[in-house]
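Undergrad: Sequence:
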Amino acid sequence: MYAKVIVDVPSAQTDRQFDYEIPDNWKSIVQPGMRVVVPFGPRKIQGFVMSISEQSSYEQTKAVVELLDAEPILADEFLQLGNWLAEETLSFKVSAYQLMIPAALRTKVRKQLKANEIDSLPPHLRRLFDQGKVYQWDDLIKEGASVLSDVQAEVKKGTLEVEYVVLEKGKTKTQRLVQLNMSLEQALSLLTKRANKQIELVHILSRQPAPISIQALLEEGQTTHASLKPLREKGIIKEVDQEVYRDPLSGLQFERTEPLKLTNQQQQVVDQVNPCIQKEKHDVFLLHGVTGSGKTEVYLQVIQQALDLQKEAIMLVPEISLTPQMVNRFKGRFGSEVAVLHSGLSMGEKYDEWRKIKRKEVKVVVGARSAIFAPFDRLGMIIIDEEHETSYKQEENPRYHARDVAIWRAQYHQCPVILGSATPLLETYARAKKEVYHLLTLDERVQNRKMPAVHIVDMREELREGNRSMFSTVLFEKLKDRVANGEQSVLFLNRRGHSTFVMCRDCGYVATCESCDISLTYHRSQNRLKCHYCGHEESMPRTCKSCGSEHIRFFGSGTQKVEEELTRVLPEARVIRMDVDTTRKKGSHERLLSAFEKKQADILLGTQMIAKGLDFPSITLVGVLAADSMLHIPDFRSAERTFQLLEQVSGRAGRHELTGEVVIQSYSPEHYSIDLVKAHDYQAFFQTEMNQRKFGQYPPYVYMTLITISHQELMKVIDVAETVVAFLRRELSTETTVLGPVASPLARIKDRYRYQCMIKYKNEPKLRKVLVEIREHYQRELNKGLQLTIDLQPYLFT
DNA sequence: AGCACGCCGACT
DNA sequence: GTCGGCGTGCTC
1 MYAKVIVDVP SAQTDRQFDY EIPDNWKSIV QPGMRVVVPF GPRKIQGFVM SISEQSSYEQ
61 TKAVVELLDA EPILADEFLQ LGNWLAEETL SFKVSAYQLM IPAALRTKVR KQLKANEIDS
121 LPPHLRRLFD QGKVYQWDDL IKEGASVLSD VQAEVKKGTL EVEYVVLEKG KTKTQRLVQL
181 NMSLEQALSL LTKRANKQIE LVHILSRQPA PISIQALLEE GQTTHASLKP LREKGIIKEV
241 DQEVYRDPLS GLQFERTEPL KLTNQQQQVV DQVNPCIQKE KHDVFLLHGV TGSGKTEVYL
301 QVIQQALDLQ KEAIMLVPEI SLTPQMVNRF KGRFGSEVAV LHSGLSMGEK YDEWRKIKRK
361 EVKVVVGARS AIFAPFDRLG MIIIDEEHET SYKQEENPRY HARDVAIWRA QYHQCPVILG
421 SATPLLETYA RAKKEVYHLL TLDERVQNRK MPAVHIVDMR EELREGNRSM FSTVLFEKLK
481 DRVANGEQSV LFLNRRGHST FVMCRDCGYV ATCESCDISL TYHRSQNRLK CHYCGHEESM
541 PRTCKSCGSE HIRFFGSGTQ KVEEELTRVL PEARVIRMDV DTTRKKGSHE RLLSAFEKKQ
601 ADILLGTQMI AKGLDFPSIT LVGVLAADSM LHIPDFRSAE RTFQLLEQVS GRAGRHELTG
661 EVVIQSYSPE HYSIDLVKAH DYQAFFQTEM NQRKFGQYPP YVYMTLITIS HQELMKVIDV
721 AETVVAFLRR ELSTETTVLG PVASPLARIK DRYRYQCMIK YKNEPKLRKV LVEIREHYQR
781 ELNKGLQLTI DLQPYLFT
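Letter by letter, the first sequence follows residues 1 to 798 in our numbering.
Treat each hint with caution, since some may be false.
Here are the simulated DSSO-like pairs of lysine-lysine, each with C-alpha atoms no more than 30 Å apart in a straight line [stated by the list, open to error]:
| no. | residue 1 | residue 2 |
| --- | --- | --- |
| 1 | 356 | 108 |
| 2 | 360 | 279 |
| 3 | 433 | 173 |
| 4 | 762 | 433 |
| 5 | 586 | 173 |
| 6 | 585 | 750 |
| 7 | 561 | 598 |
| 8 | 762 | 530 |
Since the hints were made in silico from the structure, they are not lab data.
Starting from the given sequences, assemble the full structure and let the hints guide the process.
TA: Put into structure tokens, the structure is as follows:
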């Protein structure tokens, strides 16, 4: 019997199955989807069993050396999904499989030196084995080169041996429990009358039917470890280790909520989706619901339907909106049947949540992108909230989109998918219009609340009237009003730091990062300049590096500067700033939001991260300080992103009894992506933008593929890029457009020059084959400095 | 990815 | 003559 194994070596040459003999004692145990350790050349590595076969076409096969799982870690569904995903994203199969298992289960191979005959070693080598029979290879490197060749000589003789140990990173957490090791009478007979505390502890234990934790025991007995120790020494108690889950939400209480009464519109949506769950029919729904229309309640109720039918559900949310508010709503409705997966969890916590799913202890998963791989086997519903969010696309290999995986899994399980958004991605809405997806609309807010009124302020006008501050008169007055009335405001600015760039007034020199083609951002609190791409930091120069002048000035405002300005012009306002810099520490996100919720501040000032999910009753004003900040980015989706962001931010206002207002400051208020926010008119935006896309031949009218080439040397990059483009033009059909090569918008990052080329096509069956050929051609150079990334359906063009 | 094998230049 | 630099190819 042979196991067909995909080995854990992510490279083009090893991206296929290898055959290994299964030793007799494992023949009945090994199954597809299990992890094994196999010999691979001179070393030992991990692999995934794909299938089991009676024969092998290889004359000589090595045997599986270790079995890492007692049952398959990847169900058949995932073996198929991985195969599809690898092909779809042009990545290695093993990389696709690694996505599906928690990081804690990924293995590391440790190389070590084992002494077979310590006594026959020369003294300078024998020294290494003072501590034991093994010596870590990593430490050997520090010993110097001559030792290495001596070691190699001994390995040849057989006195030393090179070993490979496969280690799992994660551990299960255990808790120590105690119980009585004998009857109460026996125990008491072993104790003196004066040992009051010990006697009490024994009594407590005798009342417990099951072992209890040491902590609980000592607490109940009102004592410390001092009274436990003698019991342990006399053998009166027995201790056992029990596996426990790390609970990221420990100590939190969730108030149980009941389903809310649905509006007619909400009910219609539920009525269309529920039959699909019941009849096990696959369908993709686009739920287009304006902000505040109660999409979340719809999600909760269709998930309830799935649970009622003994099925499971996955709900994806953008990382950024996986706020305590969202978690509370799910925990409140489904209690302990929910697992939560997001990047804020530690590796161990993620592993525990994953095991709860695998063991069927939960029925619902709420999580960010990777939660789409939750190991359920009776999926009844998949929901992707804020479907247009860019975070659903992974920006490293495998470059997959959670939506595509969701639809694949839903087809496999024959269940519906709901894509929900107030501002769907253009491609998605176009598909709904073509009836590829099923369109469901919620165009009214719940309880007939009005959409917030939007004022658009022309900042050029403000400037002309002599207002050079970053707040327009309108916004400032309204802010002041809110603070006076005890209502809350949200201020949004898509830039962190203090100033976006620092320029010399005399010679025009702009401080840039030495490794990237990016201007440095000034951070006031540390008085330093930072690169937001590579993390490089330097102190703020007193004089211009180029001409020595002292006239260095700050330009472009970030959140830090706005905060400063606010305390100056509106000293009575209490401000909370939320951006990457203030939320870096674990839990600070929650802390800041709950402080705002408790009305410990009047103004919440922040970047992207406050744009979604916030639902606080007393927010009645939303201010957008620089609406055009995204508009001039060289990306065909910049108008769409601007509209989406403005709509999302506006949606934070007036979600409850108090009506809301929005003030948008812009230097191009006539642009449709800004102007149409006034009427909250997605339809009009869709039409206008579709015309633009048609005119420029952009998605959804064409598909796109982006190839980015980078290298330390500029000439090398240009050379490769030109060769690639020429090859593409020659191989692809004449209807396909190949653009470039051009320097990437971020032309240099971390000392690497970057060029890109874009392929636009409608129908190109040869594409994958041609792309694979390009990658194979540069195989050799890929190890040596050259980087070539291929992104099918890119979201970002940096 | 590692690792061995193998082929050329700078040394004892 | 040998040590060790890296290019090339293989791993069931």
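Undergrad: Run the distance test for residue 561 versus residue 598: straight-line Cα separation, threshold 30 Å.
TA: 25 Å, holds
Undergrad: Regarding the pair residue 360 and residue 279, is the alpha-carbon distance no greater than 30 Å?
TA: Distance of about 23 Å is within 30 Å: holds.
Undergrad: For residue 762 and residue 433, compute the direct alpha-carbon distance and say whether it is at most 30 Å.
TA: 19 Å, holds
Undergrad: For the pair supplied as a hint, residue 762 and residue 530, is the alpha-carbon distance within the 30 Å limit?
TA: 42 Å, violated
Undergrad: Hinted pair, alpha-carbon criterion (30 Å max): residue 585, residue 750. Please report holds or violated.
TA: Holds, at about 25 Å.
Undergrad: Residue 586 and residue 173: Cα distance at most 30 Å?
TA: The given pair, whose Cα atoms are some 21 Å apart, holds under the 30 Å limit.
Undergrad: Residue 433 and residue 173: Cα distance at most 30 Å?
TA: 51 Å, violated
Undergrad: Does the alpha-carbon distance linking residue 356 and residue 108 stay inside the 30 Å limit?
TA: OK: residue 356 and residue 108 at ~24 Å, within 30 Å.
Comparing the model with each earlier hint shows violations of hints 3, 8; every other hint is respected.
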